[in-house]
Amino acid sequence: MIWVWIALAPILGGLVYGGERVLRARMQRRQGPPFLQPFYDMFKLLDKRTLIVHAPHALLALAHFFVLWFSVAAIFLGWNLLYIIFLHLFAQLLLILAGYSVRSAYSHVGANRELLMVVAYEPILILVAVGLYLVSGSFEVSQILKSGGYLSQLPLLFAALLMIIPIKVKKSPFDVGEAHQEIVGGVEIEYSGVFYEFLYMSRFLEYIFIYSFVYLFGGESHWLGAVLVAGVFLLVNLVDNATVRVRPAQMVKIIYTVAMGLAILNLTGVLL
Amino acid sequence: MEMVLTLIGLPILASLLLLLFPEKRVQYTIAVITLFILSVVSLSLFNRVEVLSFHLSHTINGAIVAADVVLLLFFFYQGKLFHHSKVMALAAVQLVLYGYIESIAPEAGSAEIVVNNLSAFMFLIINGVGGIIVLYSVKYMEDEPTSPLKKRLFVGGMLVFLSVMNLIVIANSILLFFFLFEMTTLASYLLIAFRNDEVSRANALKALWMNQIGGVVILLGALVAIIGFKTVMFDTLLQSSGGMVLFSIALLSMAALVKGASIPFEGWLLGAMVAPTPVSAMLHSAAMVKIAPYLILKLAPALAVSMVGGIISIIGALVFVSASYLALSRSVLKEILGYSTVALLGLMMSLAAIGSEESMNLAMALMLFHALSKALLFLSAGVLERLHHAKDIEDMKGMVTRSPKTVGFILFGFVSLTLPPFGLFMGKLFAISSIASLLKEHPSNLIILLSLIVGSALMVLLYFKVASALLSAPCDVEASEAIAIPSGFNVPLVLLSIFIVIGALGYIMMQHNIFVVLLALPMLFVFALPSLIRRMDRYDRSQPYHCGEKEPFDAALVYYEPSNKVQLLLYWGFGILFVAVAMVGALS
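Protein chains in written order, with my numbering: chain P, 1 to 272; chain U, 1001 to 1588.
If you are wondering where the hints come from, they were derived from the structure by calculation, not from laboratory data. Errors might be hidden in some of the hints.
Unchecked claim - Label pairs and their calculated CB-CB ranges: (1) U:V1579 <-> P:K253: 24 to 34 Å; (2) P:A159 <-> U:C1547: 51 to 61 Å; (3) U:S1437 <-> P:K253: 25 to 35 Å; (4) U:Q1511 <-> P:I2: 43 to 53 Å; (5) P:H222 <-> U:F1046: 24 to 34 Å; (6) P:P34 <-> U:G1573: 36 to 46 Å; (7) P:I11 <-> U:G1575: 54 to 64 Å.
As the structure is a prediction and not an experimental result, all values here were calculated from the model. The beta carbon of each residue, even a glycine, is placed where N, CA and C say it ideally should be.
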């Protein structure tokens, strides 16, 4: 059964993404695309003529997608959270290398910014893992899901996690990677056709990845987990519509002061 | 016994042979044979478990004292020659202290030489990695604009350096350790000053006086040990308790901070960059700075339970973050690598000073993989310098088309430092989980954990910034020509890469953890990907998009320059922490 979920992960993420676009359109009082738009996009992209700059660049997009899928699978299988975070880092670095591997200023700017995003959220993700370890006694996802009450013990850490979600799902105020297409798509610019489709689907996997961290705070209670995910989903979209984008350096500063401060405060509280 | 003597004698013998035979082919043969014998001997020593110990005869001890005095007089003379008051003053202080200590030092004691597991492990790093660097330097020196005799002296000097390193890791007497410590200082001084221009001389003198501070604190530590416990032996000192034992240990570990170029002493290691590249590689990977984590590991039994150990592990962790941060303002490749050495040494010392069995093992694993990866990176940087005359990463833009193989080696070095399943990455991963498990007992470890997490993230930024410069290649519609690497450079690089892979595989197997093995899967996949998808040429090629501009333009690299105020604060902060080590040692 679990393998079916793993196999369906990109589709699941696609549904979330489609749902989000509908939700956002409703928030902005526009019609917006249909729910299944991500899949229509997929068929359209597969039908297009694929142009590539050079082979490694195209292959790295594939690698990025599959390693990301692997890390999402690792979550579903209940592995060690630290391994999962580092696998995810690995996937991210493949994308960054891809961005650097073409001599295009936009791609480079995008990759530079992706790198800054990693620097910003990576420490918080690890702190979340450590926090969950301190209260549950294990880094294993399967063990963490066997007890509960994390939200009451780690409220500030949860807030820190909330702060980095917009970075991962590319939402204001921290959408610096492509800046709503202002830097011509960032790392994604040189991709087209099939290879772009893989990058497009990676985004779906990112949704699954980051929202599973939210789900973990629900612990053994699946209902609480689901409610948390739904609530955070709404909140992130509300914030996206209500805020303006910050500069990359500001993003790092905000995360390193506010989110890190919250996380440390919470961890010290747990330890003392 | 014979094996240990081989490790010490063979490099000296080989350096003499190198001086006698100027012919290129003979030089290579000697270097290869030396590397081979040294590695085999250190491997077989590593596989033996017993602890060897032996006394030195009276004459040898006398000779060492004489040599030590001559060495210190030489330092004094150098200070006078180049009008460097710090060098002179420190040499004078050491002479006086050393004379006094020798006059009151107890005659009898436990064995002066002890070969234990830690030494055997150090042999592996010193001889394996160091031997490869010597092999590389034979080729590197060919193009050096200097006299043939000086070239041979250089390679010979590197070999003697190995021999000194082999001896320092088995010294049980603090005084013998001091002598060898000063010998490595001498070696670094001579090698850094090799090019004999103004900058080299200034940096060599800087390295000299900073390392002399290390010498002074070792002597002070020995003095305290003699007064308090009537011994100059590490093992007796470590077994004693109460009294001033921690003060002595604190002073000795301060020497490690100096040798390990922790901030505020990082200046000498970065200054060493003016030397020929094999020297930088040697100092950074196999020799010299590795004394720092080695010494902390040696002292760990006493450090583990004390405040001194706590402070040292905090200093190490903070150095890890600060040095990674400082490196972001640099653009010379060797300097960037230098700062990252300082940072990782901080991490190793931090883990070693925590002193739990797991953290000490981690520190050792980090040491091994750091030596391999850093040697690979420095030697590759040397290739770029020799073949393409590029030192600054701004000049390395698009290097991937001009020297794809070298860039491949450098990227592999970065990957082994930051990505699964390679050793250094694994070390950091296990370090996080190990420190997290210690958090409940010692909440102060939160500082170390945070530094580790943030420092690792900054290092990723650092390495991939360099990668971005190397990789910014034009699309493959344009033809490009590459310069091949000569085999004198290629062989050492390939050897190091193979060792990194073997080391990583061995380390993964040793963990007995199926999930760690699974971590390696994506790496395999990524490497296999090009062969899985054979026909990439069925896709049409296009030029990158330039928004309609005719001339292609580059994106800038990321730089972060800390303000002067922050920099000053850093130096003062670390200076105060450094002194605090001694104070806490004295008080506890």
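Evaluation of the provided hints:
Distance hint check for V1579 (chain U) and K253 (chain P): the Cβ-Cβ separation is about 32 Å, which falls inside the suggested range of 24 to 34 Å. Here the CB-CB span from A159 (chain P) to C1547 (chain U) is close to 40 Å, at odds with the stated 51 to 61 Å. Our hint of 25 to 35 Å for S1437 (chain U) and K253 (chain P) holds, since their Cβ atoms are close to 31 Å apart. Taking 43 to 53 Å as the suggested C-beta distance range, the pair Q1511 (chain U) and I2 (chain P) does not conform, at roughly 25 Å.
Distance hint check: the CB atoms of H222 (chain P) and F1046 (chain U) are about 52 Å apart, inconsistent with the given range 24 to 34 Å. The supplied range of 36 to 46 Å is broken by P34 (chain P) and G1573 (chain U), whose beta-carbon atoms lie about 58 Å from each other. Restraint check, I11 (chain P) to G1575 (chain U): a C-beta distance of roughly 58 Å satisfies the suggested window 54 to 64 Å.
Hints 2, 4, 5 and 6 from the earlier list are contradicted by this structure; the remaining hints agree with it.
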